[in-house]
Amino acid sequence: MIKTENLSKIFRTEEVETKALNNVNLHVKEGEFVAIMGPSGCGKSTLLNIIGLLDNPSEGAYMFNGKEVGKYKEGSRTQERKGNIGFVFQSFNLIDELTVFENVELPLIYLKIKASERKRLVNEVLERMNIGHRTKHFPQQLSGGQQQRVAIARAVVANPKLILADEPTGNLDSKNGMEVMDLLTELNRQGTTIVMVTHSDRDANYAHRIVNLFDGKIVTESRKDPALV
Amino acid sequence: MLIHYIKLAIRNFRSNKVIFVGSLATLCLGALCISLLFSYVYNELTMDDFHNNKKDIYMVTMKRSPKSEWSLPFKNNYDEYPEVKNSTSLINFEKDKIRLKYNNDIYTPTGVVVDSSFFKVFNFELTIGDKNTILNDYEAIILTEDFSEKLFGDVNPIGKEVDFESPIYQGHHIVKGIVKIPSNSSLKFDVLIPNAGVPYGSWVPFVRLKKGTHKSHFDEKIKKSNNNYPYAFPKLTESTTKTVKLKDLYFNNNFSRIKTSQIFSSGNRNNVDILIIFIFIILLVSIFNFSNLQIVNINSIIKNIVIFKINGALKKDIYYQNLVENIIIIGMSAIILTISYNLILPFFNGFMNVNLKPPFSKVLLINVSFLILITGVGLIYPIIKINHFSTVLNINKKQQLKGKQIIVVLQYALAVILLISSIIVSKQLQLMLSKDLGFNTNNIMRVKMYYPISQAPIIRIGSEEKRVTNKKGITNKKEIFDKPEYIKNQLASFSGIKTIGQGRSPLDIYQVEWKTMQETSGFESLNTLLFSTECQDIFGFELLEGRLFDNEMDHDQEHKILINEAAKKHLGIEDISMTTLENISWGKGFKIIGVVKDFNYEHLASKPKPLIIYRTRGSSNYFILFHNNQNQETITQIHELFNELNPNQAFNYTFLSDDIATLYKKEKRLSTIYMVFTIIALVISAIGLFTIALYDTQRRVKEVGVRKVNGATIHEIMFMLNKDFLKWVIIAFLIACPVAYYAMHKWLENFAYKTALSWWVFALAGVFTMVIALLTVSWQTYKAAAQNPVKSLRDE
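Protein chains in written order, with full-length UniProt numbering: chain A, 1 to 229; chain B, 1 to 796.
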């Protein structure tokens, strides 16, 4: 599903040039659950942004679903992303002005799905996430754990094949964090590919495979025994 | 999708209330000012455009001699020229010369006696009556809608009988038509009377030329048509006749002599141009402000934009979202604006002395156009910037739209220019109102004590067409000279009165053709003042050489005159005893008995002009100098005397000092208008600064917290935050000063007496703007500075 070849990303300002990613070769198969780990500033989020088609690499190739998308313009990237990729962030990134229902509905609106169908899909996913009773609330009225479940609901409502999670438990206490990880694991079990950036060893243990990044390079990769998962 | 956009827009307005209210206020205030001023300016610039043949309508005018001013020609019908499609003429009455009697009430409308071709040249619409026949009905009188309402209220005016009286004509008429005068008509009147053969008067001839006729060609043909004109006095040999396009008459000052009556209104192109500049500045200030508010708005919703994009929104979805928000704002503004426009228009009309009645659809169209213009232009910059946003950078770090500072600087610079200009304009007005004019203007009452009976009235009774020539002319003449004696004796017996004089007001001067006997290049129009000997004391003229008039030494109709310094200089007179003057109508041999010091009898835009003073008695216009103040008891006594002489007439009087203030009414009005719109421009700018201060300070809450933890006091923090905002205002002030200085320097060139461009005006404008800005900003910065750092740091 995801295949990068010698992927590099360079950020330039007037004075400094920073190589955030340096010849990264990563291969993620459909149905996998991959955790990307590494210290702050090692390039984890940059890699996730490129994988999520939010940004382009400076060099190298990126094949998504068999298509070379590394050179896509923003519009094409959005088209490719729509319905295929869902995002979960550390800071939830919900729209404060929209209710739980409306936040989850957002990707479906841009996919131009009919209102009745939207309603069905949203209610279904909210039930699954166990926040069906909170549909009319605004994000500020919810706890952190509940907000993250709404964010996950939004990420999966369009039934994407890939979910990208950027430190999804970073702002949560351990109980809520575990609940979120359980949800992601459940989604993966149902067939969704998950790539997750994390600092937490415990969270990483939910993954099939852990990729360690350091200074923009993959330094180690460890694969867990599928039988243990 | 649309519902989603609308829902989101409303939610956005709710969570960014200040921006929303600020945007609405900017649009409503800005567009309201612009729409009102635009309506006024548009009306001025389209003056007389409603006449179908506006391009072919001309007034015929004449110069009695090459150096004369333009005045009315003797010849008033030009039908014999093949170029003329229709020729019409109307009688031009001076102020207060017409009276209309209905039910024992006497009105003094502005009225015009017109011939039967009037409606063939001018396109006034009759709401009642037939244009083609009504002017052939000598019994008819046509009233304007407004005047009819004044006279009869809601009662149907048709068939009502009124008496019309003017110095040269009086008759009994029946209301048979109602005419509509558009607000952009320079010809303004209350009544139209068909001409039943008025023998003489000041006819104003108009012609409608055939399509395609060249003005210059026609002018050449009529050039000498008033020379040696039969029955005319004086006989002219050097006169020039030409046409002036009706369309060019309104803004033209060269015809002031013809336009002394109330039926011709005059415009001032200079003032219209200044208002156009005001419209542009307020438009720019509104655009800048709206642009700034949009930048702040986008900065506050950047996170949302990024989330939308991550969830599949394309750029166009973001634009549509923005578009929907702005259409909602425009729609709401249009409603508020149109309601407030209609509420304010009557006051604006009253204040500007116009009668604008634009139809609702036009008001809405104008308002919506200006709203779209402001929002459209205001959005260009934010939209371009939003296009260059990086989605990635904004997920975690906030990217901010820049450029607010420059816009604030420009906006404030414009507001300060307006402020400085408005202060200078009102300072100039003060100078003109308080300047010593060089003659006494205090405690002088001007009153018309009686109305001379028409000297050759034509009286029509009922429908009978009976023309009666008044053969008792002698009696009338006697009356004219008898009455003054009686009035004078009565007035003299009132204790509150010091001196009584008769004559024309120095403010209501008229021009007569004069020349020195030696002069060979012909007559020229000079300001001429006619009054009785006593007026010299009343006005307190200062004598420079020779003597003043003296009732012992001077007698009626003697050829003796006083002149002012300017006239002496202008006519190149060395020794007044060696020079005599000749008048085109009154003959030769006018001896100059003295020279008076120049005094300002005209608007202070100009220096005193040459003036000839001729002694006369017998004017029904009185000047009464009160002892020390304008006491009510004496006014009542005069009123009673007036009633005795003129039963059923309205007693009208003015004080000369008020007449002088009236000269500056237009300036006063404009000065107030400038001030009001300047304040609105400042308010709009303050809305922008307030919003920016609110959002920028919120962004710096963490910085404030860190500084406070490290020992900064509230004052230091406020100083730091305020400094950043006030810096822009100071830069704006520095830009504004030279621009305003230059503009005002230019403007003051219009005046003979100029107010100084004092430094304190600039300082005042600067300090005022700074104080307002400081208050606006401090409201926000104090909140930020006073916040507990524990809270602000935890929030982050």
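Just so you know, these hints were derived from the structure itself, not from any lab. Model, not experiment: these values are computed from the prediction. It cannot be assumed that every hint is accurate.
Stated by the list, open to error - Label-pair ranges, simulated between beta-carbon atoms:
hint	chain 1	residue 1	chain 2	residue 2	range
1	B	Trp779	A	Lys136	32 to 40 angstroms
2	A	Glu117	B	Leu775	50 to 58 angstroms
3	A	Gly144	B	Val676	50 to 58 angstroms
4	A	Lys119	B	Thr46	35 to 43 angstroms
5	A	Lys136	B	Lys362	54 to 62 angstroms
6	A	Glu117	B	Thr46	31 to 39 angstroms
7	A	Gly144	B	Leu775	55 to 63 angstroms
8	B	Trp779	A	Glu30	20 to 28 angstroms
9	A	Glu117	B	Leu323	49 to 57 angstroms
Virtual Cβ for every residue (Gly too), placed ideally from N, Cα, C.
Going down the list of hints, with the structure as the test:
no.	hint	in the structure
1	B/Trp779 with A/Lys136: 32 to 40 angstroms	35 angstroms, holds
2	A/Glu117 with B/Leu775: 50 to 58 angstroms	54 angstroms, holds
3	A/Gly144 with B/Val676: 50 to 58 angstroms	54 angstroms, holds
4	A/Lys119 with B/Thr46: 35 to 43 angstroms	57 angstroms, violated
5	A/Lys136 with B/Lys362: 54 to 62 angstroms	46 angstroms, violated
6	A/Glu117 with B/Thr46: 31 to 39 angstroms	58 angstroms, violated
7	A/Gly144 with B/Leu775: 55 to 63 angstroms	40 angstroms, violated
8	B/Trp779 with A/Glu30: 20 to 28 angstroms	58 angstroms, violated
9	A/Glu117 with B/Leu323: 49 to 57 angstroms	26 angstroms, violated
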